[in-house]
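Participant: In order, the protein sequence lines correspond to chains D and G.
Just so we're aligned, residue 9 is where the first sequence starts under the numbering used here, counting upward by one.
Just so we're aligned, residue -5 is where the second sequence starts under the numbering used here, counting upward by one.
Among the clues, some could well be false.
As the list claims (entries may be wrong) - Output of the computed footprint for chain G on chain D, the stretches with three or more beta carbons under 8 Å from beta carbons of chain G:
| no. | stretch |
| --- | --- |
| 1 | 119 to 131 |
| 2 | 363 to 372 |
| 3 | 385 to 397 |
| 4 | 501 to 510 |
Unchecked claim - Within a straight-line C-alpha distance of at most 25 Å, the following computed SDA-like cross-link-like pairs (lysine to any residue) qualify:
| no. | chain 1 | residue 1 | chain 2 | residue 2 |
| --- | --- | --- | --- | --- |
| 5 | D | Lys330 | G | Tyr281 |
| 6 | D | Lys379 | G | Phe245 |
| 7 | D | Lys419 | G | Arg346 |
| 8 | D | Lys236 | G | Phe245 |
| 9 | G | Lys315 | G | Leu148 |
To be verified - If you only want the chain D side, here are some residues facing chain G, beta carbon under 8 Å, derived:
| no. | residue |
| --- | --- |
| 10 | Leu325 |
| 11 | Arg326 |
| 12 | Pro357 |
| 13 | His381 |
| 14 | Gln458 |
| 15 | Gln461 |
| 16 | Leu464 |
Think of the hints as simulated: they come from the structure by calculation, not from any bench.
For each residue, glycine too, the CB sits at the ideal point set by N, CA and C.
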Amino acid sequence: MGPRELPHDPTSRPALVLLKDITKSFPGVLANDRVTFEVRPGEIHALLGENGAGKTTLMNILYGLYRPDSGEIWIKGKRVNIRSPRDAIHLGIGMVHQHFKLVLPHTVAENVALGFWGTPFWAPAKAIAQKIRELSQLYGLPVDPDRRIWELSAGEQQRVEILKALIRGAEVLILDEPTSVLTPQETAELFKVLSRMKEEGHGIIFISHKLDEVLAIADRITVMRRGKVVGTVLAKDTNKAELARMMVGREVVFRLSKAVCQPGEAALRVEDLHARNDRGLPALKGVSFHICRGEILGIAGIAGNGQRELVEVLTGLRRAEKGRVFLLGREVTNRSPRLLSDLGCAHVPEERIRMGIVPALSVEENLILKKHHRPPFCRHFFLRTAAIRAFAQKSIEEYGIMTPSPRTPAKLLSGGNIQRLILARELSGKPAVVIAAHPTYGLDVGATEQIRQILLRQREEGAAVLLVSEDLDEIMELSDRIAVMFRGEIMGILPAAEATLEEIGLMMAGERRVQVP
Amino acid sequence: MKRIGPFLLEPRLSPSRATVFLVSALSVAVALLLASLIFWGYGLNPWRAYAAIGRGVFGSWPSFSEVLRRAIPLILCGVGLTLAFRAQFWNIGAEGQLLAGATAATGVALFLPVPDGLRLPLMFLFGFLAGAVWAVIPALLRVKLGVNDVISTLMLNYVMSYIVEWLVHGPWKGPTMRGFAYTDAFPLSARLSYLPGTRVHWLTLVLGVALAFVVAFLLARTRLGYEIRVVGQNPDAGRYAGINFTLVLSFVMVISGGLAGLAGVGEVAGIHWRLRSPAHISMGYGYTAIIVAWLARGSPVAAIFTALLFGLIFAAGDYMKTVLNLPFQITGVFNGLILFFLIGFDILMFWRVRIARKEKEGVWTSQAGS
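Go ahead and model the full structure; you've got the sequences and the hints to work with.
Facilitator: So, in structure tokens, the structure goes:
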């Protein structure tokens, strides 16, 4: 295939950034296959695609973190060679990573001064503070230069990252999944800032996999799938269905069919739960709720507001300091993970590779984890190979786990198949309670759809499901009731049918509390 | 992908058995090649030196039997260490555990009033228990208090070593030994028999080989072995699955230390017939066993063969000392070089190395190379 035709605009100045026929391969994966992408001054150009489509790889190449196998990079009409982020910064490229790169105990000014060549040797923070004030004024980015980073919300930290890039003279700003840590209100604020920057003539690359927000903010949208550019479209000429089709390669159903909730007795009940996080600070401050059989309770909230600690206490991995947990009417506060698992509490963990599997062990061995000590997999101390193999065959078929063989090491599976493996294991033996933490995080659309269906089926079969997710759409779509967490407390529990995105957003930001009936 | 000079390194997710074997063999070969510089430095032709050693070691059954004799404690300690390493417990303390076993066996041999027929079985039993107790201490320290296992196992070696020194210079010093720092000689009922014409105490050898297979079966086919592998490969998943770390790690160290203890029993009951200075009892078997287990890549059965390799190096070392007049530290140099290259060459196992040239425009293209 020859070089592709570029979207043409004869009147414009040279593109700020032109990536031409970029190819980059990793062992076994062609992450970028002759990708061409450009950003012009005064444009917000969205890069849309599923996880693993190659968006981040492409941006890491532009930011000098990777080197392309072949292809050219042009900045303002000049061919360049970007060897490191330092080169990229000098060429006027700034990047706001999905996970912020800030020094938490330091102030805003100190963070901005760090590694900036314009920083004076003496009293660096003071000189920078003045510049920060000017720039915040210009772009509408209110930040106090003297506050310490750990005191700031995620939205404010993101502003610091944007300021860092601007003060280094960034003309092109790359934002990698910038809204994943924001409340809906903070997202609106961010979009205002981006529009302001666009007016000032900056070029913005907006990486996302969320269709709605891309349509809301971008001028042009380039869709990537499996390392290739599917196409570039103008935002005003397209719609959600077309973008989804480009992204996935087939039609996507946006609504899952869901039976009416028929809640039974309470399977999980939590009363006034208190716990501390790894740093010894209070992370749960009096959390109470219950989940009935045949019901999904969604926990919404920005990451780090106690969701992780809640899941860990409920699965026996963290001690509760106060409060009580009842599983099927039996008190199980601070009992061992093994007992909870034996009593029918399934756990789909947040970090599926770090915790959910043993990467070096085979698929069949991973499928019996947690159940390895009980019949039929173990009798009188010895493992029963035949029973293990039969169970593996059944699980692989039933859940569609794509693996060369049951004896393949689990680490060789893709993320979606690892999650299928974990679900097959956790949901075998009809659990009464399913605790699912971020079950579709980082998965492609196909796997996401399947895993949501599986959770709904559990609900129909009478399991009580606790769903923790940062994806508000997922929470709204699957849950029967939604609990919103903020700083270790539940701000309220709403029936999903009555909840609005706006109301949940306010509760996520701690600005609203609803009395739990 | 990483780049070092003209080399491109690609990660290899799960190396095949053939790769593991070839890389291990390569590291041993390079170590031997480098060691030939030492011969050269002493004015010997390395090729001839190796040939002479080969003739010396393999030339006759009695001299070859020395390889087996040296391999016995290495098999027992090495098998135990493979188990500990599989659980990611860094037991550097086989030396001390071996001495603990030797001490307990000496106690039974000299001071316990039991019928002659029971003496050897009891020596093995108490030797195992003493090694196990010495090894369980660091396991409990790590699980309960988070004490680093490398440090605690290593330090306990010194403690045990000084206990033995104190015993042979003090309370257990043999009245019939004319002032030497030995205990009295063991009664005949506490001595192991040899294969004819050799000093191979065959009972300990059989025990070591059999236990290697038992440990391999334990790892692959039992609930406990499964838990050991989970804990070793991914401790977080172990906690998630509700595995009792105290139980699993204690058991691992009971076996690991117990096997080293058995090695100690074999040395005092088979070779020395008395307890004497730690340097004479062990010659660093406990430390060499670390390399044995590492080279075996965590496989207890493979440890039998790697132990034989190091038995060969010990036997060759004896030959080099006596016939070629090289200093006695030569065995240590060989062991050190092999471990060094073994660890260094791990990179070849997990990374595929290719040569890539750089083009003028600064765009990299790569070529498949070796």
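Participant: So, for every hint listed, does it hold in this structure?
Facilitator: Each hint tested on the structure:
1. Coverage of the stretch 119 to 131 of chain D by chain G is violated [criterion: at least 3 residues with CB-CB distance below 8 Å; count 0].
2. Three residues within the 8 Å Cβ limit are the bar, and the stretch 363 to 372 of chain D against chain G gives 7, so the coverage statement holds.
3. Counting residues of the stretch 385 to 397 of chain D whose C-beta lies closer than 8 Å to any C-beta of chain G gives 5; at least three are required, and the coverage claim holds.
4. Closer than 8 Å: that is the beta-carbon criterion, and the stretch 501 to 510 of chain D has 0 residues meeting it against chain G, so the requirement of 3 is violated.
5. Restraint check for Lys330 of chain D and Tyr281 of chain G: the C-alpha separation of about 49 Å exceeds 25 Å, so the hint is violated.
6. Pair hint Lys379 of chain D plus Phe245 of chain G holds up; C-alpha atoms about 21 Å apart against a cutoff of 25 Å.
7. With a CA separation close to 18 Å, the supplied pair Lys419 of chain D and Arg346 of chain G stays within the 25 Å bound.
8. A threshold of 25 Å between alpha carbons decides the hint, and for Lys236 of chain D with Phe245 of chain G the separation of about 53 Å lies outside it, so the pair is violated.
9. Taken as a hint, the Lys315 of chain G and Leu148 of chain G pair is broken in the structure, with Cα atoms around 29 Å apart against an allowance of 25 Å.
10. A least Cβ separation of about 6 Å between Leu325 of chain D and chain G falls short of the 8 Å threshold, and the interface hint therefore holds.
11. Interface restraint check: Arg326 of chain D against chain G, minimum CB-CB distance 10 Å, threshold 8 Å, status violated.
12. Taking 8 Å as the C-beta contact cut-off toward chain G, the hint placing Pro357 of chain D at the interface holds, the least distance being around 6 Å.
13. Evaluation of the His381 of chain D hint against chain G yields a held restraint, the C-beta minimum of about 6 Å falling below 8 Å.
14. Taken as an interface hint, Gln458 of chain D does not check out: its beta carbon lies about 23 Å from the nearest beta carbon of chain G, beyond 8 Å.
15. With a cut of 8 Å, the hint placing Gln461 of chain D at the interface with chain G is violated, because the nearest CB-to-CB distance is about 25 Å.
16. Hint status for Leu464 of chain D relative to chain G: violated, with the closest Cβ pair at about 25 Å, above 8 Å.
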